[in-house]
Amino acid sequence: MLSQEEKAMEAIKDALRALRKRHLLEEGAHAPAISALSRPILSQGSEWKEKTEKLETELQQCYKAQSRLSEQLVIEVAESRTSKAFLQEKELLIIDLQKDLTQTREECTRLQEELDDKTKTVDVLITENQEIRSQLEEMTNRAQKAESENKMLIDRWMLQKMQDAERLNEANDLYEEMLAKLKANGLESLARQQVDGIVRRNEDGTDHFVESTIPSTCGHRIHAHEGGCGSIIFEYNSGTLFTGGQDRAVKMWDTNSGTLIKSLYGSLGNILDLAVTHDNKSVIAASSSNNLFVWDVSSGRVRHTLTGHTDKVCAVDVSKFSSRHVVSAAYDRTIKLWDLHKGYCTNTVLFASNCNAICLSIDGLTVFSGHMDGNLRLWDIQTGKLLSEVAGHSSAVTSVSLSRNGNRILTSGRDNVHNVFDTRTLEICGTLRASGNRLASNWSRSCISPDDDYVAAGSADGTVHVWSLSNGNIVSVLKEQTSPILCCSWSGIGKPLASADKNGYVCTWT
Amino acid sequence: MANEAVKYVWEGAIPLQINLHKSEVASHPAPPPALVLAPRIGYLPLLIPLIKPYFKDSLPPGEDSIWFDYKGVPLKWYIPTGVLFDLLCAEPERPWNLTIHFRGYPTNILIPCEGEDSVKWNFVNSLKEAQYIINGNCKNVMNMSQSDQEDLWTSVMNGDLDAYTRLSPKLKMATIEDEFSRKASLSSPQSRQGVTETDGAGQNKTARIPVRLYVRSINQNFENLEDVPEMDTWDDISYLNRPVEFLREEGKCFTLRNAIESLLPEFIGDRAQTSGEERSKDGGTEEAEAEGLPEMGEIKLARIQGIEMKLEIPFSWVVNNLMNPEFYLHISVLVKAPQR
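So the protein sequences, as listed, match chains S and H. Each residue of the first sequence is one higher than the last, beginning at 1 in the numbering used here. Each residue of the second sequence is one higher than the last, beginning at 511 in the numbering used here.
The hints are simulated quantities; they were obtained by calculation from the structure and are not laboratory data. It cannot be assumed that every hint is accurate.
Simulated DEER-style distance windows between Cβ atoms [unchecked claim]:
no.: 1; chain 1: S; residue 1: 52; chain 2: H; residue 2: 745; range: 44 to 54 Å
no.: 2; chain 1: S; residue 1: 13; chain 2: H; residue 2: 727; range: 24 to 34 Å
no.: 3; chain 1: H; residue 1: 635; chain 2: S; residue 2: 31; range: 42 to 52 Å
no.: 4; chain 1: S; residue 1: 52; chain 2: H; residue 2: 660; range: 28 to 38 Å
Here a beta-carbon is modelled for each residue, glycine too, at the ideal position from N, C-alpha and C.
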């Protein structure tokens, strides 16, 4: 027997042999045949099928993706189109805006330049203004200086004039004194012949002493002038009445018949005052045209035109002594003395307050003037010097009229008071008032009756009041006219009394 | 550098002729059978990718649940193909005719198979079991890296002995010293021997060998293998998962006979049959029954890796050369059932 080990080895060898045999029977025999079969082809075929399936699914996916992409593309294209259009719009807009911008810039620069110009001009103007102001100041100063110099000069000149006038007056005084002495000698003898103690001074001609009647009834109502009648005056010792009015005419009326005798034309302005020469040959009118006109009554022509006043002439009087000297007052604050024979002004008196009424004394040497300040002033004709002044009224003096004998002077004032002064002493002899009596204007003239007993004054309501000088009472109130009375005049023969009103009506009262 | 026997074991493959079950033929003409070579150490589900293309177009519509049957008996997929063949075909049928089904998975008989992964996990589990038996613990398998496990499995799947030889030492499986292997082959397999073990029981004295024993009992007597009746049901097969205690005695060699005896003690009294077919090292090959012991069953056939061996063959050689990659030894035994 084999040893166990040998048996074992034998068994192992057998096993190996069996394995080999199995190999030959199983995989050895079949493997080549199986692998040679068309398995690769089939599997490949199936592989191809799988591949195609995969590719198909991929293709489907690609188609899907493509459709999605083309949709997106369409959207994108549309969007890009709109964006382009938008962009174009914006570009155009930009161009426009740029144009606008350049335009505005240009405008701006232009405006800036203009502004600069304006600023420069303003500066220039300012400097000019300042210069002019300084110049103005200079000028004002100069003017002030000039004015003060002027005043000073005028004062000095007036002073000079006053001094001249004073000198003249002195000379006249001396001469007068001499004359007076002479006259006094002559008068002493005359005075003895007087009966009632009233010294009448007569120079030329004769005196008519006529008893005046108290007027009560209206004789005639004459429509003398168109517009107002500012001045009436009777001829000396006659019933002929001269009226001067706003219609620049002087008319001559017969008061007995109430008819117009004559008209005197030639005045260039309103007739503000009238004066008649003593010989009744000439009529002088004070006109608002700064002139005085002198008519020759008989011929009716203007003999003289007295120029020299620089404002309206509101009062005129002529010397009763000689028909040569005329004195006039104008609103240039002057009184001028005229010589009718020469035809021009011989003297001029200046004063501060305007003179409304003027009256020459009997001897023709003294001028009585009533002023706006209510004073009555006396002037020497020859020297032009102020002799005296007296406050007569609290407001303006409107009328100054001398009595027939020259001793009394009647002044009327806007304070509706009528004062009678003594001409020599300038003391008030009497004061007349009436409640209804209001003076109508600055130039309302009142008058004294020829027998120096009555005073007549018109008032604004158209009535004429008559007072008696001896007792100061109203003796008569004459009502006829309706418009304010501007002027009264008493005839030298005692009657009538005439009154003129603002409507141009003249009434005669007897 | 493995020895010759191991090479044969790894290269072994069974020709299969696979027919589509006629109930599932949905194309005309019926598809021809597929011919594949199935590795003995492999598993049937691993063949599906090879087979499916053949029958894909012929299938009826629906989902696939693939299973095989041999003569009506559904085949358990976790048993290596070679073992199935040795067990079910008493007379080896080459090519082996199988039927493939794509529908109607018999869930009462077969556990579900989810493809390659199920097979892989089955393999790894078996590996752990084997290591537990051999080393006393399976920590080496557990500690193996995922990629190494994958590579090990891949080498098994592909039948790549060289890769397997490279990777398996990582398992540190204790092996039995086998001087016979050294002597039997000229090129000494170093990797198998020499590595005795580092831990575990049975260093040189005793070792435990993991064995899976499949016993098919036939009721009737038969003379030739061709006369073996067909198996009807799995109830005819009993399955033993019992390790063999390898006793190393001085002067004595532990043979295959010894091993079988230890596993199937009821079939004690083995008769050395020299009828031309070597017995595989199953448990005790008992033929005493044929001599007139009617109570005892008779081991008719014991196959390992498709071969029968002399029972005097040292068991250590058998273990080292004929075991499956998961370190299990599969033994198919055909017995005549004891008449009791």
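Hints and how they fare:
Separation of residue 52(S) from residue 745(H) is about 48 Å and conforms to the stated range, judged on CB atoms against 44 to 54 Å. Between residue 13(S) and residue 727(H) the CB atoms are about 32 Å apart, so this pair conforms to the stated range of 24 to 34 Å. At roughly 31 Å, the beta carbons of residue 635(H) and residue 31(S) sit outside the given window of 42 to 52 Å. Between residue 52(S) and residue 660(H) the beta carbons are some 32 Å apart, a value that agrees with the proposed interval 28 to 38 Å.
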